[in-house]
Amino acid sequence: MSPFPLNTKWLKLSSFKPKDNRAWLGVLPVVLVIAFSAVIPLMTVVNYSVQDILDFNTRYFVGLQWYQETLNDPRFIDAFVRQLGFSATVLVLEVPLGIAVAKGLMRAGRAIPLVLILLALPLLIPWNVVGTIWQIYARPDIGLLGVAVNAMGVSYNYTAEPLHAWLTLVAMDVWHWTSLVALLAFAGLTAIPQAYYQAAELDGANKWHTLRYIELPQLRGVLIIAVLLRLMDSFMIYTEPFVLTGGGPGNTTTFLSQYLATMAVGQFDLGPAAAFSVVYFLFILLFCWLFYVSVVRVDE
Amino acid sequence: MSSRFFQQPVSLSRWVLVGYGVYLLLPLYWLLSMALRSNADIVGEFSIFPSAPTLANFAEIFSNPVWYQAFGNSLSYVMINTLLSLGVAIPAAYVFSRYRFLGDKQLFFWLLTNRMAPPAVFLLPFFQLYSAIGLFDTPLAVALAHCLFTVPLSVWILEGFFSGVPTELDEMARIDGHGFVYFFVRIFLPINRGAIGVTLFFCFMFSWVELLLARTLSGASTKPIVVVMTRTVSASGLDWGVLAAAGVLTVLPGILVVWFVRKDLVKGFALGRVS
Amino acid sequence: MAQVTLDNLAFRYPGSADDAVRGLQLEIENGEAHALLGASGVGKTTLLNLLSGLLAPTSGRILMNGEDVSALPGNARGVAQVFQFPVLYESMSVAQNLAFPLRVRKFDKAATAERIAYVSEELGINELAHKTPRTLTLFEKQLVAVGKALMRPDISLVLLDEPLTAVEPKIKWRLRQTLRKAQEDLGVTMIYVTHDQTEALTFADRVSVLAAQGILQTASPKALYESPEHEFVGHFVGSPGMNFVPARVLQVDAAERIGFRPEWASMDTQGSLRGTVTRTRVLGARGGQPYGLVTVATEFGSVSVRAALQVPDASVEPGAQVSVRIRRYVAFSAQHKVAEVELV
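Residue numbers (numbering that gives the first Met the number 0), protein chains in the order written: chain A, 0 to 299; chain B, 0 to 274; chain C, 0 to 343.
Everything labelled a hint here was simulated from the structure, so no lab data went into it. Quick caveat, the model's predicted, so the values are computed rather than measured. For every residue, glycine included, the Cβ atom is placed at its ideal position computed from N, Cα and C. Don't take every hint at face value.
Below, in silico cross-link-like pairs of lysine-lysine (BS3-like), each with a Cα-Cα straight-line distance of 25 Å or less [what the hints assert, rightly or not]: (1) Lys18(A) x Lys104(B); (2) Lys130(C) x Lys108(C); (3) Lys105(C) x Lys169(C); (4) Lys108(C) x Lys171(C); (5) Lys171(C) x Lys221(C); (6) Lys206(A) x Lys108(C); (7) Lys16(A) x Lys222(B); (8) Lys105(C) x Lys130(C); (9) Lys169(C) x Lys180(C); (10) Lys221(C) x Lys336(C); (11) Lys336(C) x Lys169(C); (12) Lys206(A) x Lys105(C).
So the derived list for chain C, only partly shown, Cβ under 10 Å to chain A, looks like this [stated by the list, open to error]: (13) Gly52; (14) Val78; (15) Gln83.
Starting from the given sequences, assemble the full structure and let the hints guide the process.
In structure tokens, the structure reads:
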């Protein structure tokens, strides 16, 4: 831990950087790659979103018709509401839990490197394998969790019961991503100079005071990043629920990405799918703007 | 320090950590346990430990070309993506950290927005684009598609680290008479080994785990492991044991990568800026 | 307010081969302004942490008002600390920061407000009450930190760990002055830990000079300056420090070395110490004549002498051959003082 608070010593290098437009040569490769991977596809999507495409040669300009349809489509609205519910639930669970785990990690002493690796593990598992792990784990016939819960008297079956499917999905996401919050929070906590804790102890503060008046304020920047990352990523989630429940039972666990994927690839309804994509992306861009603003504030 | 301050009795935090550790380990244990069982063992009576542990499932994967080729396919696009991402991100990050230029803030922001794009949005256009230029069903296709997310992240992380390296280093090299290439390759990059390691970790982390784009852009000859596993699930007559063994094998590269960059891990997670 | 006693105090870090501090014996009066002066690495921080309760002594005791508090944590001892940089609750206003130590002890609002007003008045920070730390200068923040430490009316001891470190050099003196005045007015026992002798000597009633061997001397600033018990004290205190030459220069048998301050010697043809002037530094004028610090290279090393820079028969310039007459000295044997002598 540092003896001085690092944020008072952090120099803003940007004011000392020389101006040189030849620097564009350095970013040119990046721009080209991203232009190819992002700009062209996006333009295509926007292009499709305002057209009715019957086949390759027959297409009509329809303006904002698909947008209107999408925003009024009950299935879209359902998926959107489900998505909001899911994202809110996992955020509410993962952020406090991540902080609590990070605080525990601070006191783990020599075990810290080992625990760090353990925490990193769920983040390194292919997302479909995460789904598969939980699929096996939660099955009432061959899964450790499934068998254990049923043995306690609850007739647990995540493929048949929507509530069970939701609970299992949430448990899986918490298992998968809390580590990210915990690792970020841990990095933030280690930056707090010991003097703050000492001063609090001499003041007579208890653990809750320390959490509320020292740790959370100092973690503000890190937590904003963690929250926005989780919010965004949970909003884009596709693979894990797809593998675990396939969107079911019925469509009770079909979130936005899956709905879009079905539309785009399965049904070849390019126009509406494209409009949906644009709406989806715009919403996430809103989050992105919040994210950028908060990162800039952390820098100050 | 024999600090009385830190010798408080085992607290709530400690229990949370232990509890969460158990929560993390149980499903992983179960995966391993399934991987070591024969189908008869799995379908038969339920037991916490495998009654007759066997490596047959792993043998199946190593001997069946469908499986081991799939692993190879995945590894190849991950490696291409990592090399590509690092290759373009390093110069960009260097330039962002050392110079101001027209549109630099906007460019940086635009790069970040790409990280925020839902992969599902790109399904269709990627499919059409890559088919049109004949890249479909090649590892390069998936690698390029993944660049959409790994490149911005790499630039962001590397820039954070590069900004922390004092510009005196550049000047000293110039005064010593070294050209820029020499300075960059022999001095700057080695100093930033840690940063590059962390970035490598993140590139790997994203590319290895992603399914949607990998599946969409792969055809018959480049089927990655993520697809083979998913298709195994959707077919009837599930082979849980082999599936679990494949799962275990997909976790191993991650463990290896994190082991190599373990020291820089925490710093990287703080994205070089907050801590 | 408490009387503080260190009784043969020692501490060893776990896994270390040696004690970080040992054999510390010290008595500090109730309401005394005391300074612990020492170079970096001699154990100042360790001693500070022993006093604040962060560390428990390996042997020996710490007493406050006669009561053994060695096993108590800092909060139970009634200790407050001011750190090298301002340590405040960033999300609270200044008034809330000040109120915190009392709120935690369930003081009622009126009593708290009264105490805040009193301490704020004393330190001159009344106008800052509703501001947040982020908007304050480092100087103001450190004042608030001092205020927070003084809030509890029954505070036993306030520890200050190099509190001027973060403050700009130009206004260090203001913080020092404010601290001194507050200490006198409130009668709080304060222990000020520093490596800077100016801070120690201007703040404290008594100063303890700390070296690797332990506390070398505890005395008033004047006594430290004029009667150092140990050569190191003579050397460390004063700017420049004491000059040391072998005792035989003045034919003193009962000692090994003698030490003299620059102003205890003069340039005189009858001086027993000869040498060459290497440097002069003007300090001012006396009786119309410039005087200053003259550095003379002798066979025993360099000595500094305060003298007029123009002597009737000779000029005091680099290169000049001069002799130095020592009129007053302290004699040391085995680095310890054995005598103080003033020659006529």
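Hints and how they fare:
Under the criterion of a C-alpha separation no larger than 25 Å, the hint pairing Lys18(A) with Lys104(B) is consistent with the structure, at around 13 Å. Restraint check: the Cα-Cα separation between Lys130(C) and Lys108(C) comes to about 19 Å, which is no more than 25 Å; the hinted pair holds. Proximity of Lys105(C) to Lys169(C) is assessed by CA-CA distance (about 40 Å); at most 25 Å being required, the pair is judged violated. Annotation: proposed proximity of Lys108(C) to Lys171(C) is violated, straight-line Cα distance about 34 Å (limit 25 Å).
At roughly 22 Å between alpha-carbon atoms, Lys171(C) and Lys221(C) fall within 25 Å of each other, so this suggested pair holds. With a CA separation close to 23 Å, the supplied pair Lys206(A) and Lys108(C) stays within the 25 Å bound. As the CA atoms of Lys16(A) and Lys222(B) are separated by approximately 47 Å, the hinted pair breaks the 25 Å bound. Straight-line distance between C-alpha atoms of Lys105(C) and Lys130(C) comes to about 24 Å, which keeps the hinted pair within the 25 Å bound.
The hinted pair formed by Lys169(C) and Lys180(C) meets the criterion: a straight-line CA distance of about 19 Å does not exceed 25 Å. Distance check on the hinted pair: Lys221(C) and Lys336(C) sit about 16 Å apart at the alpha-carbon level, within 25 Å; holds. With a C-alpha separation of about 37 Å, the suggested pairing of Lys336(C) with Lys169(C) is violated against the 25 Å cut-off. For the proposed pair Lys206(A) and Lys105(C), the alpha carbon gap of about 17 Å is at most 25 Å, so the pair holds.
Given hint, Gly52(C) at the interface with chain A, holds; its Cβ is 8 Å from that chain's nearest Cβ, closer than 10 Å. Hint status for Val78(C): holds, given a least beta-carbon distance of 6 Å to chain A, under 10 Å. At a threshold of 10 Å, the smallest CB-CB gap from Gln83(C) to chain A is about 7 Å, leaving the interface hint in force.
Violation of the numbered hints given earlier is confined to hints 3, 4, 7 and 11; the remaining hints are satisfied by the structure.
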